[in-house]
Amino acid sequence: MTLKTEPFVLNVGPQHPSTHGVFRMRATLDGEVVVDIEPIFGYLHRGIEKLAEERTYTGVIPLTDRLDYLSSMANNLGYCLAVEKLAGIPVPERAQYIRVIMAELQRIASHLIAVGAFLNDCGAFMTPIVYMIREREKILDLFDMVCGQRLTYNYMRPGGVSQEIPDEFLPALDKFLKQMPGWIDEYDQLLKENEILLARSKGVGTLSQELAISISASGPVLRGSGIKWDIRRADPYSIYERFEFDIPTGTVGDCYDRYRVRVEEMRQSLRILEQARQQIPGGEFRSKVPHLIRPPVGETYAHIEAPKGELGFYLVSDNSIAPYRCHVRAPSLLNVTALRDLMIGWKIADLILIFGSMDICMGEIDR
Amino acid sequence: MTLALPVKDTAQRIGEHFADAVTEVTDGAVIVKSEALFQVAEYLKTNPDFDLNYLTHITAVDYFDYFEIIYQLTSLNNNHSLLLKTRCYDRDKPVVPSVVGLWRGADFQEREIYDLMGISFKGHPNLKRIVMWDGFDGHPLRKDYL
Amino acid sequence: MKFERYGIGIAKGLRVTFKHLFRRPVTVQYPEQKLHMSRRIRGNELIWDKDKCTGCATCAKTCPQGVIQVITSVDAVENKYVVEKFEVDTGYCISCGLCIEACPYEALYMGYAYERAKYRREDVIQTNEQLLPSADRLRSGYMYPEIAAQLPRQTLLLERITEEEE
Amino acid sequence: MMIFNPDPSSVRQMPTLAPDWPGGFWWHWLLFTVIIIAFVLLLVMGYIWLERRAMGRMQARLGPNRAGPFGLLQPVADALKVMLKEDIVPVNADKIVHLLAPIIAFAPVLIIFAVVPFANGALLADLNIGIVFVVAISSISTLGVFMAGWGSSNKYSLLGAMRNVASVVSYEIPVVLSIAGVVLITGSLSMNQIVLAQEIPFILLQPLGFLIFFIGGCAEINRSPFDLLEADSEIVAGFHTEYSGMKFAMFYLVEYAEALVISALITTLFLGGWRGPILPPWLWFLVKVMVVFFVMVWTRTTLPRVRIDQLMALAWKFLFPLALLNLFITGIEILAWPTAIAWLIPVNIAVMVILVLLWSKLFKLGWGRVEV
Chain A
7 MTLKTEPFVL NVGPQHPSTH GVFRMRATLD GEVVVDIEPI FGYLHRGIEK
57 LAEERTYTGV IPLTDRLDYL SSMANNLGYC LAVEKLAGIP VPERAQYIRV
107 IMAELQRIAS HLIAVGAFLN DCGAFMTPIV YMIREREKIL DLFDMVCGQR
157 LTYNYMRPGG VSQEIPDEFL PALDKFLKQM PGWIDEYDQL LKENEILLAR
207 SKGVGTLSQE LAISISASGP VLRGSGIKWD IRRADPYSIY ERFEFDIPTG
257 TVGDCYDRYR VRVEEMRQSL RILEQARQQI PGGEFRSKVP HLIRPPVGET
307 YAHIEAPKGE LGFYLVSDNS IAPYRCHVRA PSLLNVTALR DLMIGWKIAD
357 LILIFGSMDI CMGEIDR
Chain B
6 MTLALPVKDT AQRIGEHFAD AVTEVTDGAV IVKSEALFQV AEYLKTNPDF
56 DLNYLTHITA VDYFDYFEII YQLTSLNNNH SLLLKTRCYD RDKPVVPSVV
106 GLWRGADFQE REIYDLMGIS FKGHPNLKRI VMWDGFDGHP LRKDYL
Chain C
5 MKFERYGIGI AKGLRVTFKH LFRRPVTVQY PEQKLHMSRR IRGNELIWDK
55 DKCTGCATCA KTCPQGVIQV ITSVDAVENK YVVEKFEVDT GYCISCGLCI
105 EACPYEALYM GYAYERAKYR REDVIQTNEQ LLPSADRLRS GYMYPEIAAQ
155 LPRQTLLLER ITEEEE
Chain D
2 MMIFNPDPSS VRQMPTLAPD WPGGFWWHWL LFTVIIIAFV LLLVMGYIWL
52 ERRAMGRMQA RLGPNRAGPF GLLQPVADAL KVMLKEDIVP VNADKIVHLL
102 APIIAFAPVL IIFAVVPFAN GALLADLNIG IVFVVAISSI STLGVFMAGW
152 GSSNKYSLLG AMRNVASVVS YEIPVVLSIA GVVLITGSLS MNQIVLAQEI
202 PFILLQPLGF LIFFIGGCAE INRSPFDLLE ADSEIVAGFH TEYSGMKFAM
252 FYLVEYAEAL VISALITTLF LGGWRGPILP PWLWFLVKVM VVFFVMVWTR
302 TTLPRVRIDQ LMALAWKFLF PLALLNLFIT GIEILAWPTA IAWLIPVNIA
352 VMVILVLLWS KLFKLGWGRV EV
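Residue numbers (the working numbering), protein chains in the order written: chain A, 7 to 373; chain B, 6 to 151; chain C, 5 to 170; chain D, 2 to 373.
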């Protein structure tokens, strides 16, 4: 006798503890097994691209803070690079270094949240994420010291940064650089070799190289699949060609690889930070830029390696004080394209895990 | 450094394969006819000289007279990139061939453009609104949407 | 997947959590225990220096949210603008600090205080006198290094933890 | 030292009543009912406090510290809050099933304590089939959980309930088999006799049995890493997603009361129950119970959650064969050397280590993906 079963539809999100925001997945399940899945977005759509068309070039920077709210500094940097490229604004040496320091600190902060949330999705009850948030808190303190905010920094400007870093910043950074490697090692001890984590995440949600390239994946998702592609190396922006660092890659492209790539990237970011700390020169922190920037007619695309992947800004100027068109190439949006392929056939528990390993920020997907 | 492919040469090579596909060559971009877009894109992707296997992003700009759809293509192996554009002069029913068949990454981006700019992509497997709700009136990113 | 490591990974993890049992927690018990905020904090209020303000409304033009409203009249005798109304709708303010940066006469400051929640919506809109600096409306050092130097040093979690461990 | 050789007469009698108690059976019954209810409720509060505090400290937090000294009154405050909450029944819910579920889940947990000895002979009913009684009753809670999952008409609840049923059905077997080893050594099913037999705590004589019982017990009561039925990152809150107010409090109570049951059983079966030097027996019992629970909290803080198929694989491929082997080896030992015991301790521990290592090599969790 065969039992007649039929699949049922389960709504995961928009209010669900581990959809990292207001993501929604309409999952069709056969028992515990995911048969089909459809991602649905739009719950956090604020129309940032449209809003940007009505603001001055400087006034868009607070909007970019709100794209991927876990890596505002990187967003600021990406946007400012685009405006500088468009308007031909030079950036002083010292400002370049400050920017690199901020961007790399931001990468560590963002990866801490990504790794912590991923481990929390595995079911390690709150512990990893609390540890990670503690470390992130130290970075946020540094950001707070520099720009007065903990989440929406609005620190970088076309032509430099808004303010000189305070005197106590560099000693604090030194302290952070001294402590952080030890903490990363300790968190590796916590769950890196844990049998249950290995059983849960090895071989789960394997993203093949072909698929990764086809879906335009970027960042740790792409590198987790074993493709050595990092914008900092492939197309060095700012002053990244001066630093030595490795590009960690995974081998198979499963959840575990993506998790390890993020942890290794934190280590590499620390290396960059050490070098930048040593080399930072004196001088101006901002070049002379008119209050209202009027770039010549034209268009440009500037991209950076944000923590989540390739963040690009496509700006079109019509020689007015506001961008004619400001398109954001959001890494999260492209990374979720493969969700359906990765999740089908796995259990509902893996669905959460694979989603967690993608490290998604809804502010960026919906914009 | 990611090398921007020289547009003139590229346009010429495209022209060799697809007569009058290229309508214009601007500073840094190759503009092709929207009818020939898919074939040109396929050629650029599969030809080993170009090998533009990575679609960095797609976007669309509303210039009132026409819509410009921009494809930023990158080759991960050769580390060069090309800006491919197409134009769409019909304002009421703009249609452009979809490139989802070549790059899966175009899926959500084309849906987004359809949603916000109102350009439909012929051949897209699941063309429906992505960020606005179904039944929303208008396309917010158009310049005449207020 | 095999249990090839015989539970060594699990044991390592258990060691880390057990070590934490004897570490000082990082919790700050907020209302009783307050940390010093950043000297450059962008607190949730704007402070306006009436004497320095010339009514040029650069701040209003810069504000991405359009929350600053400046109404001026012309003083023909002294040949300058007189500010009649300077209104900030802090409810819409995103604390980006662009107005402070833009002000050419150093007449606008961010507030140092951060506990400025209001019970009524109308209280959120602040006008003229409500915006002036006072004893409990300290100015923050955002964009003003000389003010920052007078404010207390920021408490860093980084230092709190190491000091306690030493 | 020798293996406890029960006196045939003491086994045959039914010591349900404490013979020297004034008033006899009924006083005994009343007193122990009160003691058990008070014990369970108080200790559950203690557990909640311990779990939240210990977990907080392990996570570099403080944990609750506002209500009362060290936050000791936090469970009381929670209980008050939860009682004042609105009682919500979903529109599509099967109302009777929905309402009955928490009660059905809670009652058996209390009943189990009837056979748990707090001191020598201090138990409500010294059934001569005590341990069988425990095994039989403890599974009934599952029914309540399943009713909750079914009656809520919520898909998350149903998923959680199904997971619970699956895990309890499979984990019952290794758990019972590991108990059988203890029973073999003791020669009695009575809980009191089992404690009396533990001159040496059985954790030393039955290390493998203890390991299996601990893992299986954790899985049965759904403590982490086996907390699949309320996996909060996956299925929101599992079977009690739709519960609020007092009904939720009942489930919360059940969760911790079950943890209490398992830690009391581990204490009784493997750690020598109330036995111990200097301190009074009931205190020893409490201390041991708390220590066992602390280990559970500790693992919960550290470990990620296993997946449902891995949970099943662990039960059937890892624990079940080991439990069978353990029973077999124990039987041989008892047949061959009924009196010698001291040198059996290192032998048993060695056997456990070898078996676990060997099985770790052989054992495979399987591949999680299903072709659809």
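Hints were generated in silico from the structure; no laboratory data involved.
Note that the Cβ used here is the ideal one computed from N, Cα and C, for glycine as well.
Possibly wrong hints are sitting among the right ones.
Simulated DEER-style distance windows between Cβ atoms [as the list claims (entries may be wrong)]:
#: 1; chain 1: A; residue 1: Glu44; chain 2: B; residue 2: Arg96; range: 40 to 48 Å
#: 2; chain 1: D; residue 1: Pro322; chain 2: C; residue 2: Thr159; range: 52 to 60 Å
#: 3; chain 1: C; residue 1: Gly95; chain 2: B; residue 2: Arg134; range: 52 to 60 Å
#: 4; chain 1: B; residue 1: Gly33; chain 2: A; residue 2: Arg248; range: 25 to 33 Å
Once the Cα atoms are required to be at most 25 Å apart in a straight line, the calculated DSS-like pairs of lysine-lysine come out as [claimed, not checked]:
#: 5; chain 1: A; residue 1: Lys198; chain 2: D; residue 2: Lys86
#: 6; chain 1: A; residue 1: Lys208; chain 2: C; residue 2: Lys16
#: 7; chain 1: B; residue 1: Lys50; chain 2: A; residue 2: Lys56
#: 8; chain 1: C; residue 1: Lys65; chain 2: A; residue 2: Lys56
Results of checking the hints against the structure:
1. A/Glu44 <-> B/Arg96: 40 to 48 Å: Violated, at about 31 Å.
2. D/Pro322 <-> C/Thr159: 52 to 60 Å: Holds - the Cβ-Cβ distance for D/Pro322 and C/Thr159, about 57 Å, lies within 52 to 60 Å.
3. C/Gly95 <-> B/Arg134: 52 to 60 Å: violated (31 Å)
4. B/Gly33 <-> A/Arg248: 25 to 33 Å: Distance hint for B/Gly33, A/Arg248 holds at roughly 27 Å.
5. A/Lys198 <-> D/Lys86: Measuring from Cα to Cα gives roughly 42 Å; hence the hint is violated.
6. A/Lys208 <-> C/Lys16: Between A/Lys208 and C/Lys16 the Cα gap is close to 19 Å, so the pair holds against 25 Å.
7. B/Lys50 <-> A/Lys56: Roughly 32 Å separates the two Cα atoms, so the pair is violated.
8. C/Lys65 <-> A/Lys56: Holds, at roughly 19 Å.
Hint compliance for this structure: hints 1, 3, 5 and 7 are broken, all remaining hints hold.
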